[in-house]
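Trainee: One-letter residues, chain by chain:
2 protein chains.
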Amino acid sequence: MDENEFRNVGHQVVDLLADYLASIGRRPLSPRIEPRTLRALFDEPLPQYGIEAEDILKELQEKLLPNCVHVSHPGYFGLITPTPTPIGILADFIASALNQNIGTYVIGPAATEMERRTVRWLCDLIGFGPAAGGNLTSGGTMANLIAVKLGRDFVSDNTVQHRGLRERYTGYVSEERQVSVDKAFDMVGIGRENVRFLPTDDQFRLSLDALESAIAEDKKAGLRPAVLVANAGSTATGSIDPLSKLAEIAAREKMWLHVDAAYGGGVLLSKKRAGVLQGIELAHSVTMDPHKWFFAPLDAGAVLVREERFLTASFGMTPPYLTTTPDRYQFYVHGFEQSRRFRALKVWMSFKRYGAGEIGSWIDRNIGHAEQLYELAGKDIAFECVNKPVMSALCLRYRGKDLEFHQRAAAEIERGGKYWISTTVLKGQPAFRINPVNFRTQREHIAGLFHDLQDICRQTKV
Amino acid sequence: MDENEFRNVGHQVVDLLADYLASIGRRPLSPRIEPRTLRALFDEPLPQYGIEAEDILKELQEKLLPNCVHVSHPGYFGLITPTPTPIGILADFIASALNQNIGTYVIGPAATEMERRTVRWLCDLIGFGPAAGGNLTSGGTMANLIAVKLGRDFVSDNTVQHRGLRERYTGYVSEERQVSVDKAFDMVGIGRENVRFLPTDDQFRLSLDALESAIAEDKKAGLRPAVLVANAGSTATGSIDPLSKLAEIAAREKMWLHVDAAYGGGVLLSKKRAGVLQGIELAHSVTMDPHKWFFAPLDAGAVLVREERFLTASFGMTPPYLTTTPDRYQFYVHGFEQSRRFRALKVWMSFKRYGAGEIGSWIDRNIGHAEQLYELAGKDIAFECVNKPVMSALCLRYRGKDLEFHQRAAAEIERGGKYWISTTVLKGQPAFRINPVNFRTQREHIAGLFHDLQDICRQTKV
Chain P
278 MDENEFRNVG HQVVDLLADY LASIGRRPLS PRIEPRTLRA LFDEPLPQYG IEAEDILKEL
338 QEKLLPNCVH VSHPGYFGLI TPTPTPIGIL ADFIASALNQ NIGTYVIGPA ATEMERRTVR
398 WLCDLIGFGP AAGGNLTSGG TMANLIAVKL GRDFVSDNTV QHRGLRERYT GYVSEERQVS
458 VDKAFDMVGI GRENVRFLPT DDQFRLSLDA LESAIAEDKK AGLRPAVLVA NAGSTATGSI
518 DPLSKLAEIA AREKMWLHVD AAYGGGVLLS KKRAGVLQGI ELAHSVTMDP HKWFFAPLDA
578 GAVLVREERF LTASFGMTPP YLTTTPDRYQ FYVHGFEQSR RFRALKVWMS FKRYGAGEIG
638 SWIDRNIGHA EQLYELAGKD IAFECVNKPV MSALCLRYRG KDLEFHQRAA AEIERGGKYW
698 ISTTVLKGQP AFRINPVNFR TQREHIAGLF HDLQDICRQT KV
Chain Z
278 MDENEFRNVG HQVVDLLADY LASIGRRPLS PRIEPRTLRA LFDEPLPQYG IEAEDILKEL
338 QEKLLPNCVH VSHPGYFGLI TPTPTPIGIL ADFIASALNQ NIGTYVIGPA ATEMERRTVR
398 WLCDLIGFGP AAGGNLTSGG TMANLIAVKL GRDFVSDNTV QHRGLRERYT GYVSEERQVS
458 VDKAFDMVGI GRENVRFLPT DDQFRLSLDA LESAIAEDKK AGLRPAVLVA NAGSTATGSI
518 DPLSKLAEIA AREKMWLHVD AAYGGGVLLS KKRAGVLQGI ELAHSVTMDP HKWFFAPLDA
578 GAVLVREERF LTASFGMTPP YLTTTPDRYQ FYVHGFEQSR RFRALKVWMS FKRYGAGEIG
638 SWIDRNIGHA EQLYELAGKD IAFECVNKPV MSALCLRYRG KDLEFHQRAA AEIERGGKYW
698 ISTTVLKGQP AFRINPVNFR TQREHIAGLF HDLQDICRQT KV
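Chains P and Z supply the protein sequences, listed in that same order.
Mind the numbering: the first sequence is residues 278 to 739 in this note's numbering, read in order.
Mind the numbering: the second sequence is residues 278 to 739 in this note's numbering, read in order.
Simulated from the structure, these hints should not be mistaken for lab results.
Hints are supplied without guarantee of correctness; some may be wrong.
Claimed, not checked - So these bits of chain Z aren't anywhere near chain P, every CB distance computed over 10 Å:
#, residue
1, K497
2, V553
3, G645
4, D657
Claimed, not checked - To be clear about the criterion: a stretch of chain Z counts as covered by chain P if any three or more of its residues have a C-beta under 8 Å from a C-beta of chain P, and this derived list gives those stretches:
#, stretch
5, 384–398
6, 447–461
7, 571–577
As the list claims (entries may be wrong) - Short derived list, chain Z residues pointing at chain P, Cβ under 8 Å:
#, residue
8, Y297
9, A330
10, M626
11, Y631
12, E635
13, S638
Computed from a prediction, not measured in an experiment: that's the story for all the values here.
Glycine included, every Cβ here is placed at the ideal spot set by N, Cα and C.
Model the full structure from these sequences, guided by the hints.
Mentor: What follows is the structure in structure tokens.
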């Protein structure tokens, strides 16, 4: 494929995607195809010979596009996968063509500096000082993993990375944590059984009493309290743990404090909720995913560390085939991954195109959507709101019904093709989980969703 | 930014990138700019207000493009970051616009099936049977990490993930391993000190005698041999460890055998080197990065597992907010990451556009380049080839000179702007590390590089 073919096919792709983006609101949100049938569509042996790009594009239009879940549809209130900004999509296209590798300076000098600048912007939002650093990661799971490892290495005085785990460390997090926290403690060798999944108050915030008791008990049993993970925007309800108080406890116990703001970090751009994350600047590390509520295309997670030296202490190995000079900033000695995609470009370009102001106004609109739904549900005695919206996440339930009922109703919403919501379980009770993190969503979509939900719940029998 | 603006700016970006790709060979390969100066170019506070897309593109043309290292330049013989296929670049663009999230079926039904098909193709290349599975990862570092964790969990009967590490496990790998192996053993809690970095033979292949002694010694000391990592294409020389024999030893010791073919996996498409990876199908897991010698844009790594059930046993947790039906394949219970970019599309589209045949012919051409350079250097008594090319990697040294000399000469090559090579240290001796993994490279570039290298080495004084 030479440059002329690239140019011709590239223009076709732009038109195809522009048409796609223009048509999203009119498409059924989810495909109605059996997984088995879908699987069969792609069942072919490894191609031995090539075909024309045009034919591949046709195949995508037949097989891929109709079988996507359109996360940019204004009725998508689902898992926190955003409507990507158009400029972010174009940025990713440029990043792929340049194929800079941020792992090491020599395969991306400007790209390295652009990531550093993007990390600086995120650190500034948190309130971290000049000693801070960080990496863009493939998502919150990687960011939380890196943070938990930093904590493990910090409390062990950087011995575990060399000698292996010899003591029993414990971790603390509320039961509202995202599953990536469990995965991180498993991965670093601490083990999931050694993490205390603590109860929350009526606003789903980690209970300080429960935390204090758990720490005391663990210490009595000879275990070493090591890593405390706070939610700043839990997945289900957007709840925020008491950050400043947790920072005090962590300091007293010489624990590492990590704040998981993978989703909730977006609220730092909000005017409506200014200051709700106060105390986040006291954390040792923060996860904040630009590919969530900053509307960057996947993937752009971030782990941000109050003092960059912690990253270097935990990850700073220099292999002989990577030689360098002191003035070249090398991400590979300040983080886990070696080869890394140029993820910063889409975040950088989104901030340049829209500014913190406009992105913040989308976030405030999403919070407004959650408040609108909270009000609507408050007027219908059959529904009960599980949380008052702090962020955009709202859980509500149809009174007196079990999880299966809620799942069936959500499946019925999915079948309608206009909206998408999920279900969850909170303190043992089922709920619909509705999260508008989409700058295309308008008030009419919230009203429409609630109208359909009322109808469906009245008619659904379990 | 509405769809019309996206269309207009998109067409501009296509033209910009087509011009870029057409001009690569004429550009200086590396920028001549001080890191400090480059850093200052991007030194601005977080933008509060947006600017026009056109102005951002202008800024990129001034600040980013001239300060890239052009990995697609035919004279780039550097770290294994490929010339991305044009169709792969377009595929990534489509992936960003659709923003499917492969973590869970509901945010990407067709994308999930396309990744499964892509994983199947890679497993077929290895010779894995129908029970195999895998994930596309952000790169070899993540793939090696997942593999080492699978090994840790396998030898512990899946207890470590719950209870934490309580025994002392050991790992084995040759000293030619990539640094990601060290990082993986650190991350999973085994510790880098418990990994035996074993000597190699004159072709840089892991010494079986050294391995047997190390295992015996560790067992005598009460340690548990857990994970054996074999190179199939080492970073510096492309050496291949004796895979079948290592599989026997691993089976005997009930160790997990992981093959790191992050770079070398491409040779499975080669006609010239058919069969050199025999035995790879006996591994428990294999790392094979499509973003290396399969020429996909970053990032597309892969961890491939002989039996998918190992992935499920190690990672299969189901959080309450992810509900599912049995016929929907959920990557999140078969791997580490939750949210995942639709990485498969670029690999799938590259295979469709070129077929295994054409990609294999590029790989064979790269092997030919290494052989050409090996012959050229063989004719000049001042040079010594450190390895005979198995793959595309060749190390050679200027006799009697130290590392600093080699680094200065490589820096001089970089300043010339026509070629890029790196340096390394092998068995304590310095060398130039030259690796043509680029389908744009021609024989003339190899001849030109060696000509310049001869000149520079003759003139360089240390």
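Trainee: Determine which of the earlier numbered hints do not hold for this structure and return their numbers in increasing order.
Mentor: 13
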